[in-house]
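Trainee: Protein chains in written order, with this note's numbering: chain A, 1 to 275; chain B, 276 to 1066; chain C, 1067 to 1234.
Calculated directly from the structure, the hints in this document are not laboratory data. Every value quoted in this text rests on a predicted model; they were computed, and no experiment measured them.
To list a few chain C residues with every Cβ distance to chain A over 12 Å, as calculated: (1) Val1090; (2) Asn1093; (3) Val1159; (4) Arg1160; (5) Asn1161; (6) Glu1167; (7) Ser1199; (8) Met1226; (9) Lys1232; (10) Ala1234.
Heads up, incomplete: computed chain A residues facing chain B, CB under 7 Å, no partners named: (11) Lys184; (12) Thr185; (13) Ala187; (14) Ser188; (15) Trp189; (16) Phe259; (17) Val263; (18) Ser266.
The beta-carbon is built from N, C-alpha and C at its ideal position, and this holds for glycine as well.
Spelled out, the chains give:
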Amino acid sequence: MSNIKYCSFPVTPKAALAELLSRKNEALAVAGGTLAAKTLPETTVNFVELKNLPLNYIKMRGPDLVIGAMATFDDIDNSKLVGSWAGGVISTAAARCSSQLIRNMATIGGNIARPHSFNIFPAVLLGLDAKVKILCKTGVKTCAFSDIYLADFKFRPGRDCLILEVVIPGKTRNWTCRFEKFAKTEASWEAYLTLFMAAEINSGSMNEIRVAVGALSPKPFRARGAEKVLAGAELSAGVIDAAVVELERDMDVVRASEFKKEVSASLFRRFLEVL
Amino acid sequence: MGGGPPPSVSLSLFVKEIVVEKNDFKVVNKRVLKMDSLGLACGEPVFTDDVDINGMLYGRILWSPYAHARITKIDTKEAEKVPGVKAVLTYKNVPRVPHTTAGQGYPEPSPYDTYILDNKVRFVGDRVAAVAAETPEAAEAALKLIKTEYEILPAVFDTFEAMKDGAPVIHDEKDAKNIPDARHNIAAKFEFEVKNGEWFKDADFVIEHSYKMPYLQHCAIEPHIVITCFDPFGRLVIRTSTQVPFHVRRIVAQALKLPVKKIRVIKPRIGGGFGSKQEVLLEDIAAALSLKTGKPVKIEYTRKETFISSRTRHPSTVRLKTGFKKDGTITDAEMDIVLNTGAYGSHALTVMMCSGSHTIPFYKVKNNIKFLGRSVYTNLPVAGAYRGYGATQGFFAWESQMDIMAAKIGMDPVEFRKMNYIRLGEGSPVFKAMGEGREGVEQVITSIGLYEGIEKGLKAINWRAKKEKNKGGKGVLRRGLGMACMMQGSGIPEVDMASATIKMNEDGSFNLMVGATDLGTGSDTILAQIAAEVLGVKAEDFIVYSSDTDLTPFDVGAYASSTTFISGNAVKKTAEKVREMIIAVAAKILDRKKEDLRLEGGKVVANDGAACGLSEVANTSLYYYDQHQIIASASHYAHTSPPPFAANFAEVEVDTGTGKIKILDYVSCVDCGTAINPELAEGQNDGAVLNGIGHTLSEELEFSSNGTPLNASFRRYKIFNTLDMPPIKTFLIPTFEPNGPFGAKSVSEIGINGPLPAVANALYDAVGVRLFDSPFTPEKVLAAIKKAGKK
Amino acid sequence: MKKESIRLEAVNGVFRISLTVNGVKKNFAVKNNEFLLNALRRYGYKGAKKGCDTGDCGSCTVIFNGKPALACLIPAFTAHGAEITTIEGVGTVRNPHPLQEAFVEAGAVQCGFCIPGMILSSKHLLDVNPSPSEDDIKKYLDGNLCRCTGYVKQIQAVKMAAKKIKKA
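Given these sequences and hints, build the entire structure.
Mentor: Here it is in structure tokens:
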């Protein structure tokens, strides 16, 4: 941090972006900063502090749930609106993030801006088909959350674009979801694994199924094999067994350890058995 | 008491232990608020770092990146040129005096194998050089510019490998002292045998198991820190977060070749120690930097440095072989412990001996006893004193094995223990043969409340009903119960000494000066309570000042659970002397015989009711006639070390799908004699228990294959928080220890020894799987369940 | 809500910021690589402690713009315009807050190093939830580590304080 010469406190996203894009100084936008603060690149000259941006709202927009990028984990944990969505899984996930002090400071925007295995929300957003609204030099763009971690995504949040909000599609409102964080202790930043599971059952068969795995790597992934077995299927003991076997195969693909494979299988099975 | 003894055991084995129903103490064993609590709760600046000293320099240490290497070249010229840098020290410009960093009585029972700075490094995190500069940034910059070249040597990280012929010799220097076998990296060894006939001849069964514990760190929330400076007389003043101010003074004097009279050590409030601060870790190098620069120097460890370069628990392997009979008699016991003492041997002998001296006497062994202990050097962080001090490692083995033995003969594990533990009035050959660092003392048990502790714990955790309910447990979540019993010591007999001074003020208040070290334990308060009980006043009538080598009399410091028992007795004796002086003055004031006077309620009272206030006594002695200061000092050392006893009970729920152990309930019943301050004693035990639970379920320092620590941070080495903590209940069992001040023994260490064996036993009860090495991570549990086919 | 965008410029690596500490307006000169914990301690607020400097132990807790936060993770210059409460602003030995009294009476203070952080976290909890359950208390204090007490008496202290505050 010894090269920091400026600290900006913009009050509009446009002003924040202008700071980032001004080619005069190497700038970095920080939202919360609980992980970023001690790992700032030494080349940073302009520290763009985002806490004065009016982006900490949590509201409905039409059928969708919208969470501003500057909403903290504590805001999300305590929001009645978020608590009423998909069985409150987003609040539950927020509550599982390290400690209350971190939850008071860390933001959802900061939690998804850079891939990191500590991050809680990416697996959840991946599983909920979330969209992300960003502000870049050509204006406001909405893209699927899964897109922003793709290698060919054109922008780098915090560097040349700003995450404005996260949009949870209305279709997920009544999904049955569960978020599991399996870690050494309750306040661990890192976890053995995180698992986001969601299902919508219509007339006895699986209309929607999502299984997203986090903490194994900086970016979460969907267990497509397990999802495929369950899509449209009627839940029976045989189907559950098959789905669990597929999840284990999905875990093999990423070379998860025997232990993590077994734990994910146990947790997944438990989720399916109570559906 | 539920159940009654099994018919095959005679009732005479259940000797009635003496549990105190009531007492008529006025201050001792009563609720007294800890004196410094309010200031601490208000953020008063009382810790080492909470002062601003003019002209203070920042000291930083250059650490070794290699596990084992010789420094072939070290060039500090560029480092010295950094603006703001005032001194750079290497082995070339500090005295080379072999010493130990262990804060123990002189002559210390630890090898003299440490140097302020050396031309050899022996673990990743060993000292290479030190810098003092006007800003931390300048110091950091200077560290980076110190040019070093190393000859990398083969390193050894496993104790058994280290003992083999041809292993790298970690201490090959000629001037180290007291290393029993440097060629085989043996820093300490001890052997003891009691033989009464052929080994295992009488045993119906013989079992043998090995139990392992890893590197563990104390994690006191305040990292190590010291500020050294000079007083107006050019004396070195060391302001340090230490448990052992007097040992610090002596060892710094030794290492820097200074006379003791040139050094003053002051201990402010400390943010926890648990043994990690029973060590001279920073004071010598900070003092060396102050001597070089003539300026105050502060060195504070980062959390990472505290993990790596302070002290840890001794990792251990205990091989326990026991012979026993169908009727529950333990006939033979062979205990073989190998401790990893890391790169230097501080506490190597004493921790090793305590692993046997605090455990083997606990149960009666009919025929043969053998203890073989070795502490072995490896190129890993240095182990030292840590709450429990060998007994933790020892009881993991013993208390697990007790359950295994009971199961083998089909005996209830509670009854098996009740039948065999040491009784009031009984002794053990181990007490005399094994002390802490040298021969111990003959002693018998003079107070014990273990039966009551066991019964109380069984009831509190609802042992029998739950055991019934858990029978034939099926399903993914399985519950189980386990117990462990243990003892510790109360100070080191005939070694530890404490002293106190009390002087009286006009208003009947007193100054109490003690060397005893309060590390948050509340010793200042309980010592005041003891003095107050003698003098018939309130604890609040004492102004306590402690741990300043200029102003307080000698005390070995806070370790070996010695403060209440030894410093407490010193305070009691001192107060008794002061009482005599008060009575002598009051006798003149009241014109009564001394024998007819007593101290009560802040007054001196005669048998016939005549009385005078203490303030009148004080003013008379200070001002009116026969003027003198009412003041006295006394010292105390003990001839015995009466053990506290404890029974711990754990209820666990094991998730057989993930391997996670959840502790549903934990009960710890402690006999500490008279609890001078019951709330403080409970608090001590609560903390010790949770620390032990952390050891059991989470804590472990991990290393790479070249000896680099991998998780040296609170981020990755997880101690428990409020959500991790299970329900913990501490019960104090009041007995009366005749050798202790008002019947007190110790309480500070024993609690940490229970969780590991109690949970190991509960795990077995729940899923039929036993783990022999801690921590019991979900990964280990799951693998063990799978292996045993118990899913 | 702030009305205008602000931009601070450091001179020779030093930012001049103004902030409110315990209700008093203060001007701090802070280095660009300094965190709020260090700055507060330099300016005499010694109650906030450096236990780990990585945001894992909570001994540096301060109330920052209304919520307990980790001062060791907040770059000092970002505290410009902030409102901060430290333990010194909660109560003093002569005039303690009920929480401080409760911690003393419950025997919840051993070495005391974690206590300022515990009390600030607890204070905020009781401010927003005057009747917290035991689970609420445990969750709210989960960022404040203690190695001395096992948390048993600290949780009792918060419950005791809740009762005291309600009575008053």
